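> These protein sequence lines are chains A and B, in that order. Take the first sequence: its position 5, counted from the start at 1, is 5 in the working numbering, and no numbers get skipped. Numbering-wise, the working numbering comes out as the position in the second sequence, counting from 1, plus 1000.
Any given hint could be a false lead.
As the list claims (entries may be wrong) - Derived SDA-like pairs (lysine to any residue); straight-line CA-CA distance at most 20 Å:
hint : chain 1 : residue 1 : chain 2 : residue 2
1    : A       : LYS189    : B       : LYS1304
2    : B       : LYS1304   : A       : GLU93
3    : A       : LYS90     : B       : LEU1019
4    : A       : LYS90     : B       : VAL1303
5    : B       : LYS1201   : B       : LEU1181
6    : B       : LYS1201   : A       : LYS189
7    : B       : LYS1304   : B       : LEU1281
8    : A       : LYS90     : B       : ARG1110
9    : B       : LYS1199   : B       : LEU1226
10   : A       : LYS90     : B       : ILE1301
Unchecked claim - Using C-beta positions, here's what the derived DEER-type ranges look like:
hint : chain 1 : residue 1 : chain 2 : residue 2 : range
11   : A       : LEU183    : B       : VAL1104   : 48 to 56 Å
12   : A       : LEU183    : B       : ASP1188   : 23 to 31 Å
13   : B       : GLY1136   : A       : SER157    : 39 to 47 Å
14   : B       : LEU1173   : A       : GLY168    : 47 to 55 Å
15   : B       : GLN1228   : A       : VAL122    : 50 to 58 Å
Hints listed in this document are in silico derivations from the structure and should not be mistaken for laboratory results. None of these values were measured; they are calculated from a predicted model. Beta carbons are placed, not taken as given, at the ideal position from N, Cα and C, and that holds for glycine.
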Amino acid sequence: MNSSALIHAIIDGVLTGSVYALMATGLTLVFGVMDIINLAQGILVILGAYLSYTLSVHFGVDLFVGLIFTIPTLFVVGVVIERLFVARLKGPERTAMSILVTYAISLVIEGILNEVYSINQVQLQAWYVNRSFLIFGIYLPYIYLLGFILAAVLLGSLYFMLYRTRFGASIRASLSDQTAAALVGIDTKRVATICFGIGVAVTAAGGMIYGATNAFNASTSYDLISRLLTIIVLGGMGSLGGALVAGILMVMIGDVVAVVWSPIWSSMSFFVVLVIVLSLRPQGLFGKQSARVA
Amino acid sequence: MKQTPWWVLAIVVFTLFPLVVTNPFWTTIAIFTLIYMGCATSWNMFSGYSGYVSLGTAIFYGCGAYTMALISIHSHMPGGAEQFLLVPVGGLVSMVIAVPLGAVALRVRRHTFVVITIAFFFVFQLAAINANFTGGPAGLSLQLIGWQGNSYNTPFYYVALAILVFAVVLSALVRRSRFGLQLLAIRDDEDRALGLGVKVKAVKLTGYTLSAFTVGMMGALYAMFLGQIYPQFVFDPVFDVTVALMAFLGGFGTLLGPLVGGLILESSQQWLTATYSNGSLYLILFGALFLVVVLFMPQGIVVKVKDMWMKRSLKASDDSSIPTPATVTGGAK
């Protein structure tokens, strides 16, 4: 084991982890505001990646320019899913039902993606994917840095919207207490729809970076969604800051284990950390103490 | 006229099935259907009654399958009927594994529990793929069983049926017991149940462990039936969701629900995959059907049909048997 590999692990953790954090933030936002677990988040990331793929291969649009098109598209997809399916769920088993409904949605999308793009793995290509720069004695493709900047900008604007605008205030109100938010005159249904839209829209950016740094096909979504879910649980479900920290932590732990021990166990290490953390702190790192669940 | 109970009819039909239908194509589908019906019933016995949705059922299925494979390989057991003795062993091993898993996972409330079970599931899947004793991604091959022709499936069918009956009886007993009531109380309001003196932790853990038993047995039977197991198929994320879906489709928390859901879903799934090789088209159909069911009959088929039946019979008897307010007041004058 050498120190440059460790430095690499930490840099990769911050750079790649921020992208995971972005995707997980969408998930945790939806859970916090609506009590909905969106299992389709994984396949929507892949959908975002495939949209970027189509734009760049068939229309020659640059990956980052393509986001101008893909982010609004996925926002609309999210709003449609929420209006058509998720909003209909009511009653005490709502959260459990949401898992099933979003899983069904993800199966349909997976089937469609398999039909359209075949099951062969692809990867997004651009000059910054193939070229690297030297940092701390390690060569790193530019896409990692660009992806980090993109994730940071998007997370920054999301946080700005949440903490500095009136609409953000109503989202945070719904996050902390839906009934109370409705009582003070917040249109919680509208907030829920837009939140779902935002939660899905971030997958366009996340998917583009993911697709540029990994080879993917529709079934990659299973690996993705399990990682995203563990991130939001580790961070504390509904906690935005928790998703950020846990996302970076996850990639970093995986990389360090790969260096120190063996790459075989790196993907497992994060799950083990999750189990240890949860046995000490059941609400997750930054979660609120779970209140009465009626 | 006294009606025959549904379960007598069901047992008769299921017992006679392989005598009437001998084509291995259909009996294989039937065996898988029984396996899934049993797993769904067992899943429902904990998750359906307590409201703690587990998406890590495949852990027990896989552990059962590996128990069967490892013991029969290392003890050089000849392939044949003796292997059936290992089926309950598979169930017991799964139960033992369920205890520490449950002890950790059940520390958290429902929504987080779902995710932890998923995390556990991936730990087991990765371990099975990467460890040496499991044979890695290449899996394990069991001894060949010398049974010939169309009768090869028959013993497996009846063992699967026996395990299924066991699962249903266990689920019914739990449902009617004090223990079952405690599980239901946890589903309705855990804090209230705790306040009223239910030992929620012990009850949840017992339920979780019990439900692992049947799933483990079914996993062991699966390994023996196929004679070859691969980590990605015995620890399959789709299995986790399918089992839960069957229970929801039929009726979450009801005794009959997972049976109906499993029967419909697994038989159609097996038939579709055997008939159409196009997997993605099947995914779209399956997902769409699933959406329709969840959105239009969220309580499940069993409850929905019962409701409709009740309404119909109420309507039919409306004019005669039930006295309307008018006739009652009329009579009093």
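> Please test the hint of 47 to 55 Å on the beta carbon pair from B/LEU1173 and A/GLY168.
For B/LEU1173 and A/GLY168 the Cβ distance comes to about 53 Å; the hint holds.
> Are the Cα atoms of B/LYS1201 and B/LEU1181 separated by 20 Å or less?
Holds, at roughly 15 Å.
> Measure nothing beyond the straight line between the CA atoms of A/LYS90 and B/LEU1019; if it is 20 Å or shorter, mark the hint as holding.
violated, 46 Å
> Starting from the range 39 to 47 Å, see whether the pair B/GLY1136 and A/SER157 falls in it by beta-carbon distance.
This hint holds: roughly 46 Å between Cβ atoms.
> Keeping to a limit of 20 Å between CA atoms, is the pair of A/LYS90 and B/ILE1301 held or broken?
holds, 17 Å
> Starting from the range 50 to 58 Å, see whether the pair B/GLN1228 and A/VAL122 falls in it by beta-carbon distance.
Given range 50 to 58 Å: violated, Cβ gap about 32 Å.
> Is B/LYS1304 within 20 Å of A/GLU93, Cα to Cα?
Within the cut-off at roughly 16 Å; holds.
> For the pair supplied as a hint, A/LYS189 and B/LYS1304, confirm whether the alpha-carbon distance does not exceed 20 Å.
violated, 28 Å
> Indicate whether the distance between the beta carbons of A/LEU183 and B/ASP1188 respects the range 23 to 31 Å.
holds, 26 Å
> Are the Cα atoms of B/LYS1201 and A/LYS189 separated by 20 Å or less?
Measuring from Cα to Cα gives roughly 36 Å; hence the hint is violated.
> Between B/LYS1199 and B/LEU1226, does the CA-CA distance stay at or below 20 Å?
violated, 42 Å
> Checking one constraint from the list: CA of A/LYS90 to CA of B/ARG1110, max 20 Å. Satisfied?
Holds. A/LYS90 to B/ARG1110 sits at ~17 Å (cutoff 20 Å).
Hint compliance for this structure: hints 1, 3, 6, 7, 9, 11 and 15 are not met, and every other hint is.
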